[in-house]
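S.K.: The task is simple: from the sequences and hints, build the whole structure.
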Amino acid sequence: MNVISSSAGNDSAALIQWAHETSLPNVTVAYINTGWGSRKWPARVDRVEALALSYGFKAVRINSKGMEQLVRERKGFPGNGMQFCTTELKILPFLEWIDGVDPAGLATVVVGKRRAESVARRETPEFIASSEIHGGRRLWHPLYRHTDEQRNELLKRAGIEVLPHRSRECHPCVNANRGDFLSLTPGEIERVNDLEVAIGKPMFRPKRFSALGIYGVIQWAEKGRDRGDIDEEIAECASLFGCGV
597 MNVISSSAGN DSAALIQWAH ETSLPNVTVA YINTGWGSRK WPARVDRVEA
647 LALSYGFKAV RINSKGMEQL VRERKGFPGN GMQFCTTELK ILPFLEWIDG
697 VDPAGLATVV VGKRRAESVA RRETPEFIAS SEIHGGRRLW HPLYRHTDEQ
747 RNELLKRAGI EVLPHRSREC HPCVNANRGD FLSLTPGEIE RVNDLEVAIG
797 KPMFRPKRFS ALGIYGVIQW AEKGRDRGDI DEEIAECASL FGCGV
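Counting from 1 along the sequence shown, just add 596 to a position and that's the residue number in this note's numbering.
Below, computed lysine-lysine pairings styled on DSSO-like, alpha-carbon distance capped at 27 Å:
id	residue 1	residue 2
1	752	654
2	654	636
3	661	636
4	797	819
In case anyone wonders, no lab produced these hints; they're calculated from the structure.
M.R.: In structure tokens, the structure reads:
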């Protein structure tokens, strides 16, 4: 059994196309719903899932408790160095599901990570024999040497749009940068604000942006001040699990 852990981002969609072209057997594409995706993300998930089904792959959606419930339970938002969101919203739900369908731990988990994505991922290996966060199963990165151009060619053959940004399965991510903030819709901003008010704490550190609360952070992003922005290399979230790919 080969389980593609998909975020519906560019690399995940390209991986599905690669699996089809290489006739990878017994494929299941698993998407984990964090409950914090962008307004348009469900349509992207539908499109990528439809691609998988058109190739005869199985597709499953795994539900988590959702970001809002998690934050209320923890009485705070995840921090840049304390990303409990990945553990609670992705790793644990995935493990619960895969342990149910693969109790012997014989499945291979396949993730679309590539060395060309960033400096932080330039040492990505093709295989990890026993991945702890995948329940000791073998982890495979078959696209680990693919360039952006090769990845985009796979997407072209799949008929899938190349997104100009990372997966928005979590939007905004705790490691969001200026571009991410500027892409938020009024409804997405209000969603963050409502949760901040409910728990009495801001999602983003005031010292980082010299601003308190999401509306202040949006003002920072619009003014274009440099202080507070996170470099893409530093913003790698849960790299081993493949968030954002």
